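Chemist: Sequence:
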Amino acid sequence: MWLIGAGPMAEAYVRVLEALDCEFRIVGRSEISAAQLEARTGREVERGGLEAAIIKYGSPVGAIVSTSIETLSANAIALMESGCSRILVEKPAGLNGDEIRRLGSVWKGFNSKLYVAYNRRFYASVDHLCQLVAADGGVKLVNFDFSELSERVSVLEKSPLIKSNWFLANSTHVVDLAFYIAGTPVGRFNATTSGELDWHPTSSRFAGSGESTKGALFSYAANWGTPGRWGLEVHSVHRRFLLRPMEQLWEIHSAFEPPVEIEIDDRYDRLFKPGVLQQVKAFLSTKEDGRLCSIADHLLALPHHERIAGYSP
Numbered sequence: 165m166w167l168i169g170a171g172p173m174a175e176a177y178v179r180v181l182e183a184l185d186c187e188f189r190i191v192g193r194s195e196i197s198a199a200q201l202e203a204r205t206g207r208e209v210e211r212g213g214l215e216a217a218i219i220k221y222g223s224p225v226g227a228i229v230s231t232s233i234e235t236l237s238a239n240a241i242a243l244m245e246s247g248c249s250r251i252l253v254e255k256p257a258g259l260n261g262d263e264i265r266r267l268g269s270v271w272k273g274f275n276s277k278l279y280v281a282y283n284r285r286f287y288a289s290v291d292h293l294c295q296l297v298a299a300d301g302g303v304k305l306v307n308f309d310f311s312e313l314s315e316r317v318s319v320l321e322k323s324p325l326i327k328s329n330w331f332l333a334n335s336t337h338v339v340d341l342a343f344y345i346a347g348t349p350v351g352r353f354n355a356t357t358s359g360e361l362d363w364h365p366t367s368s369r370f371a372g373s374g375e376s377t378k379g380a381l382f383s384y385a386a387n388w389g390t391p392g393r394w395g396l397e398v399h400s401v402h403r404r405f406l407l408r409p410m411e412q413l414w415e416i417h418s419a420f421e422p423p424v425e426i427e428i429d430d431r432y433d434r435l436f437k438p439g440v441l442q443q444v445k446a447f448l449s450t451k452e453d454g455r456l457c458s459i460a461d462h463l464l465a466l467p468h469h470e471r472i473a474g475y476s477p
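Here the numbering used here is used: the first residue of the sequence shown is 165, the next is one more, and so on.
Don't read these hints as lab results, they were simulated from the structure.
Fair warning: this is a prediction, and the values are worked out from it, not measured in the lab.
Idealized CB from N, CA, C, for every residue including glycine.
Any given hint could be a false lead.
[Stated by the list, open to error] Here are the simulated SDA-like pairs of lysine to any residue, each with C-alpha atoms no more than 25 Å apart in a straight line:
no.: 1; residue 1: Lys322; residue 2: Glu234
no.: 2; residue 1: Lys378; residue 2: Glu452
no.: 3; residue 1: Lys255; residue 2: Gly268
[What the hints assert, rightly or not] Computed spacing ranges between beta-carbons, pair by pair:
no.: 4; residue 1: Cys186; residue 2: Ser418; range: 42 to 48 Å
no.: 5; residue 1: Thr377; residue 2: Ile416; range: 22 to 28 Å
no.: 6; residue 1: Ile219; residue 2: Gly392; range: 44 to 50 Å
no.: 7; residue 1: Lys272; residue 2: Asp429; range: 38 to 44 Å
Generate the whole structure from the sequences, applying the supplied hints.
Modeler: Dropping the structure here:
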């Protein structure tokens, strides 16, 4: 197994791979990030980038791509072209819709298993929520909010290209989880955007609604220009649940009482970056796991993501 990248997310993967007793090689490009990761983890980092490592060692059987967003797609393509058969690439698998579609086109020419790392699907809170919803007749309605902390995003040391595609780069964590729980939209759903920000000129306010493949109604609203936070509200037949923050599961019993937190076994989400251990465990397994987001599913969701963000042509 190879871990491509040496940044903060790569460190989270190092901790998990070690806990799972998985043998792996870390491949980095930047001398600075490689040295920093070595200092923090005690693990050796191969310098020179992915292409040089493939020439030196040949193709890995499996790989996790945890590089900067600008190079996710290119690294995944290089791995497939080298013969790597199993790849987990950090979300959103490309800088924009065009890059993601190109990655999908290349993938269709190979026999690789390619997954996109949406780790919130693997939260203990989400697993427990899905069990409770299934026991109460299934999901009937979902409402979600992907409001971003604009004052923080605006000063991040990220390229203007990443910020101008911030919905794909970051907000899809929420939207992917909502549609994972509720089912994907049926047909053309209502989607409206307005406003703009210096770093995200396409849109800053979002609202929409529709029906899912599971027969659930969904709605969303987000405003990147006012205070807000991510969250999902999920209704089954008789019960109403809340994920806010998403690591915690709450139930709303009454309009006149505060939500009550539901106790969950979240030991791994407290020991490691939430969701990552279970996600990597599923990726390493030979058994299919429906929580993993395949590139095929990601490509099907892409037009919905673009429509919500206002990126659609």
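Chemist: If a hint holds in the structure, say so; if it does not, say that too.
Modeler: Each hint tested on the structure:
no.: 1; hint: Lys322 / Glu234; verdict: holds, 10 Å
no.: 2; hint: Lys378 / Glu452; verdict: holds, 21 Å
no.: 3; hint: Lys255 / Gly268; verdict: holds, 14 Å
no.: 4; hint: Cys186 / Ser418: 42 to 48 Å; verdict: holds, 47 Å
no.: 5; hint: Thr377 / Ile416: 22 to 28 Å; verdict: holds, 25 Å
no.: 6; hint: Ile219 / Gly392: 44 to 50 Å; verdict: holds, 47 Å
no.: 7; hint: Lys272 / Asp429: 38 to 44 Å; verdict: holds, 39 Å
Checked against the numbered hints listed earlier, the structure breaks none of them; every hint is satisfied.
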